[in-house]
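Chemist: Here are the chains, one letter per residue:
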Amino acid sequence: MIKSLKLMAQYFPALMAALPTTLMLLLISVIIALFLGLLFAWARLGKNKIANGISYIIISFMRGTPMMVQLLLVFILIPMIAYANGVDTSSFSPSIYAIISFSINEACFFAEIFRSAYVSIDNGQIEAAKSLGMGRMQIFRRVILPQGAIAALPNTSNMIIELMKNTSIASVIGVYDILGKAQQLGKNNYGLGQLELYIEAGIIFWILGLIILFISNMIEERISRCDRKGGLAHV
Amino acid sequence: MFDQSMFFQSFLPIIRAMPTTLILTVTSCVLALLGGIILALLMTCPVKIIRGIFKVVSSFLKGIPILVFLYVFSVSIDSVMTKLYALFNLTYSNRNTPTLQFAILALALSYIPYMADMILSAYRAIPNGQFEAAEAFSFTKSQAMFHIIIPQMTVIAVPNFGNHFVNLLKATSLTCMVTIMEMMGTARNFATMNQTFLEAYTACALLYWLVFEIFERLFQFIEKKAGRYLQPGALTRRRFHLFRKPARMHVSQKQPNPEQAL
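Here the protein sequences line up with chains A and B, keeping their order. The letter at position 32 of the first sequence is residue 30 when you use the numbering used here, and the numbering goes up by one with no holes. When you read off a place in the second sequence, starting at 1, and then add 15, the result is the number in the numbering used here.
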């Protein structure tokens, strides 16, 4: 037991060195997914039937297939397309493919969340904004976004935590995130202390998840303050 | 670039591996449900310390990626099995390791907290009047639970359960990392053998999509069937059945049922 703890303490700095990779994967894919998700949700809500159909099929496919298959497909497909167009991808880092696959996958889940948040907004709010002479972007920025964000935030933060856990799949294609690093360290040592390394990686993931949960709770409290009783008085 | 004949050839081995995926999904889902019931009971335990401990345990299990669980289990499989066999004075040979069983355990363990949350939220969704009504009819606690509360909880929990089941189905693809030949593992094997990665992965993705859609539709159907008494006018509609005579109004007016009068 004490020996295992010592081993864990010894490996801790090496594992923490891989933390930026995990965070970078998570942050970049979430930021891309937010924009893509808005785009998909807009396509799903709009009147254009072709855009609606295409986004429906993409969302259904991304929800229906495991992340691992998507990751491997992207990992195979993009170099093929690039090669056909005369681009050499051999110097690309594998985290690029991970980011592409995670962001498209996450965007589809976000799109569903955003769509349900938009539907939950009272239509009278939008009509009132129109009657005040607001433009479409103005309505989105001043009416839809603040109210939709309150409805969408709990689900969105849940999905972000899920994605944080799922970034560990990137180790399959050779990204050295926390789990990939743990695997590498274990194999360097002829499999000695593998168990401790994996458990330590799990604990790091858990703490990361708790931090994300804490931040999302803080944001939720901040943006839903107008929802509370008498909330407008202290704005 | 895209070899069509290899694409169609790669369907067959992946379809053959489908039962393994389904076994993994169903057994781990059932195990997770059982564990979730126990965890839900422990999380609502009247003793405050036990409640606190199991809330932390639930958050811990929720925060760990499934891949980590799978790796931990697959690494510790030999030492655990050796100790287990030594208890019964047997010698364990690591030629036939029970990888499938350990993968099922790992998947179940990672879904236990979600199942517990599902059960707790279903329990909290039941209005207090139901408990009071059961008490007013002098039901015992277990009677109230089994005849009134649990049937209603089931209906509330079905959509959530379907969601978790489908997510588990997708999560089984990770078990190919611990050398289990389910759909994903077979596709990877086939791809490496024939050097047709794109074709095999596309076939695998399409098959996963198909299975996912089937199960999603199935759970939507069950949800509709289970929740039919919640739809407005459902109970009155059932009276006018196609093959049964409609009830005559004046009969029931003449001889009112004593139970109805209550």
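Warning: the hint list may mix true and false statements.
[Stated by the list, open to error] Pair by pair, the computed Cβ-Cβ distance ranges are: (1) B:Tyr138 - A:Arg140: 26 to 32 angstroms; (2) B:Glu238 - A:Ile201: 52 to 58 angstroms; (3) B:Gln24 - A:Leu36: 39 to 45 angstroms; (4) A:Glu218 - B:Asn104: 56 to 62 angstroms; (5) A:Asp86 - B:Ala241: 39 to 45 angstroms; (6) B:Ile64 - A:Glu125: 52 to 58 angstroms; (7) B:Gln235 - A:Arg223: 44 to 50 angstroms; (8) B:Ser91 - A:Ser89: 23 to 29 angstroms.
Hints were generated in silico from the structure; no laboratory data involved. Glycine included, each C-beta is placed from N, C-alpha and C at the ideal position.
Chemist: Now tell me if each hint is right for this structure.
Modeler: Results for each hint:
1. B:Tyr138 - A:Arg140: 26 to 32 angstroms: violated (40 angstroms)
2. B:Glu238 - A:Ile201: 52 to 58 angstroms: Between Glu238 (chain B) and Ile201 (chain A), where Cβ atoms are some 37 angstroms apart, the hint is violated.
3. B:Gln24 - A:Leu36: 39 to 45 angstroms: holds (41 angstroms)
4. A:Glu218 - B:Asn104: 56 to 62 angstroms: Holds, since Glu218 (chain A) and Asn104 (chain B) (Cβ atoms, about 57 angstroms apart) stay within the stated range.
5. A:Asp86 - B:Ala241: 39 to 45 angstroms: violated (56 angstroms)
6. B:Ile64 - A:Glu125: 52 to 58 angstroms: 54 angstroms Cβ-Cβ, so the 52 to 58 angstroms window holds.
7. B:Gln235 - A:Arg223: 44 to 50 angstroms: The hinted range 44 to 50 angstroms is violated for Gln235 (chain B) and Arg223 (chain A), with Cβ atoms some 37 angstroms apart.
8. B:Ser91 - A:Ser89: 23 to 29 angstroms: Hint violated: Cβ distance 39 angstroms, outside 23 to 29 angstroms.
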